[in-house]
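A.B. asks: Keeping their order, the protein sequence lines are chains A and B. So that you can map any letter, position 448 of the first sequence is 448 in the numbering used here, and since no number is skipped, the others follow by simple counting. So that you can map any letter, position 132 of the second sequence is 731 in the numbering used here, and since no number is skipped, the others follow by simple counting.
If you are wondering where the hints come from, they were derived from the structure by calculation, not from laboratory data. Careful: at least some of the hints might be erroneous.
As the list claims (entries may be wrong) - To give a feel for the contact side, a few chain A residues facing chain B, derived at Cβ under 10 angstroms: (1) ARG542; (2) VAL545; (3) GLU580; (4) LEU583; (5) GLU585.
Just so you know, these numbers come straight off a predicted model, no measurement behind them. In this text, a Cβ means the ideal position worked out from N, Cα and C, and glycines have one as well.
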Amino acid sequence: MAEHGFLHQALVYLAAGVIAVPVFKRLGLGSVLGFLVAGVAIGPWGLRLISEPETVLHFSEFGVVLLLFLVGLELNPQRLWQLRRAIFGMGGVQVAATMLAVAALGWAFGQSVTVALVAGMGFAMSSTAIALATLEEKNLLPTPGGQASFSVLLFQDLAVIPLMLALGMISPGKSGAGIDWLAAAEAIAAIVALIFAGRNLLRPVLRYIANTRLREIFLGFSLLLVLGIAALMQAAGLSMALGAFLAGVLLADSEYRHELELDIEPFKGLLLGLFFIAVGMSVDLGLLMRSPLLVLGLALGVVALKIALLYPVAKLFGYCGRADALLFALTLSQVGEFAFVLYGVAGSQQVLERATVDLLTAAVAASMLTTPLLIALYQRVIMPRLERRSERAPDAIEEHNPVIIAGFGRYGQIVSRVLRGLGIGSTVVDHDPNQIDMVRRFGSIAYYGDATRLDLLEAAGAGKAKVLVVAVDDHEAALAITRLARSHFPQLKVLARARSRSDAFEYVEMGVPAVRETFGSALDAAELALRMLGHHPHVARRMAVQFRRRDEELLVEHAPHRHDEKRLIAASQQGRGDLERLLREEAGRLRKAGEGGWR
Amino acid sequence: MQRRVLVVYAHPDHDRSRANLRLRAAIEGLPGVTLHDLYAAYPDFFIDARREQAMLLEHEVLVFQHPMHWYGAPAIVKEWQDTVLEAGWAWGEGGDRLHGKQFMQAISAGGPPDSYRRGGKAHFTVVELLRPFEQMAHYCGMVCLPPFVTYGASIASNGELDAHAQGYRALVARIAAGELPAAFETFSSSE
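If we strip away everything but chain A, and leave its shape as in the complex, we get:
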């Protein structure tokens, strides 16, 4: 259907994406799966709106290149150096272990050593595009599991070079290794040239371009830069994405970082979407229909095998939280797009038979569909459960202090710092092991445990302490802790943290003093705004204080109506009127004191 031309194709791709992605996003399955399914729907095995997915796949691979450029921009060389153990250690172990395991299994099932080994090389790779895009969308990239995933993906991109060389060596056509050495030298020269140019030439050129003050030219140059590097890397037989990543890292410290990010971001999004659609289109549904068990079995088997290998790797390298290790394993469990290339080359060099290539490719594509589902499952079912019933047993609490602080995020930390400044000790408990480890590195003592449990409160000394500061941000947990403390420890004064006005109503009803967490900072902002408008600082503070007092009175007045929306609205409107009158009066009073009073 190429005769329909570019316009037709663009229409189909855009429409498919715009229809499918919001639906999948709404279903909580993420945009990646949306694009993949859209691709299946419009591809040769669906509505046949597009007939040649390969060309699109090739073109849209630039989405992955741009993605890695952007990831590189976020990582300066120092940060990258910190990840070296994860990249080479975890990455190396993961690739080698997966490759050998798949090869051994293939061999055991009667495949030749060559076929088994090539299959293993492909299956060892994960999809950078799917893994990173999914992590980014779910905001999981900065977590330890996300960082580990990223590191291993980076290693896999590096591993492409020796793997392609190895494929060349085992292919029946060529046998000499001399040419391969030349290629390796070329590759190394290209990387050195890139690093040299990136450090010394890129910034002056960017400055020159930026000084033209033409946005389009800067945008054009940004794209030219990334595409140019990709072309250079491809010419040297390297991964384009790897080159773009390196360029990104070299620019991570530059003053143009944010502008580059802003310019590249939309292109990345669209091309990556197109890439996923292309992957969806290349899922060979015909083969799947003919031998569903074989394709699905192979795909699910590979995914299961990869998870089984990835999880212990994460544990081995100290990503000890069970949740993080699992996220890592699930994120990297699919087979990546590099496998398409590898199997394609292997097919053309007669290392693999045509039927084997088709089967492996179909399994790879099917494995990609599983990741968004697995991650959604992880987020919805596994993560909450792991966090609640974490494997770590509560720490033994050795100290007894007049104050117990439940929850040691930013809120609890500030409370404890003020107290500590006065020499008042506080026993701090938190249910997030990462948070505990973090504050311990900074020298604070915090205990791991779930404060919604009576035994933990007892262990923290709730029977003897004077004040319990509930500083957890989960409203349900905060209420549970408050109720528990009030019913079991009558001598313990509870200070709650209310996230919202309706939360605050509940504490008013219970008679527990509560701090509304954003109220104070919002008042600070109002006060500063008044000062910026030219009000005297003292007057501005007076207004803020008046507002706070009256609003707190209103809170108590309105609390009984909290379930009666109509009355609450009426009361709030009246309260707002009162408040306005009060502030105007206060302003008038100050003026009057200036005019009619003492001078």
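Chain A is already provided as a structure; the job is to place chain B on it using the hints.
C.D. replies: What follows is chain B alone, placed relative to chain A:
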């Protein structure tokens, strides 16, 4: 005649005081006496004028109880005067809300009585030093009672202070019961 007494109490470091702690404890709970701790009610110094005025209207006697700081009251008492005693409310045109009420001060002074005289460390008598308060009362149409002074608050023994506090209690009780004359035209002789 019963009189309701509002004791406006100001001590920035109440827990470490010796005299005021006892004086305050001695009158707390007396029938008809409201104790109003300014530093506790307004830790941020921002006094709610309307609330204070409403309280004043419900009492017939106003007592300022505080230690002597720099020959006057702690800062929050001045802030209270500046915000609560508004023109048109406590003084000036239409400012008659305090007319006829009684005013008294209960002062604790660190030094002994003989420092509060010519040639002494303080150079003036306590009554002289408190003239601005006396004038405040007159200006607002209030009747000024002689101050209740605790000398040597930092050197007196606990027993002496306890006994003194009982004297304070008796005085406030008599005021609340309406037993004291409505006015002392002058009280400089009472020292």
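A.B. asks: Checking hints one by one. Is LEU583(A) an interface residue toward chain B, by the C-beta closer than 10 angstroms rule?
C.D. replies: 13 angstroms, violated
A.B. asks: When the nearest CB of chain B is found for GLU580(A), is that gap smaller than 10 angstroms?
C.D. replies: 16 angstroms, violated
A.B. asks: Go through the hint on ARG542(A) and say holds or violated, using the shortest Cβ distance to chain B against 10 angstroms.
C.D. replies: Hint holds; ARG542(A) Cβ to chain B Cβ min 6 angstroms, cut 10 angstroms.
A.B. asks: With a cut-off of 10 angstroms on the beta carbons, see whether GLU585(A) makes it to chain B.
C.D. replies: 8 angstroms, holds
A.B. asks: Would the hint on VAL545(A) stand, with a C-beta cut-off of 10 angstroms toward chain B?
C.D. replies: Result: holds, 4 angstroms to nearest chain B Cβ.
Going down the numbered hints, you'll see the structure goes against 3, 4, while the others check out.
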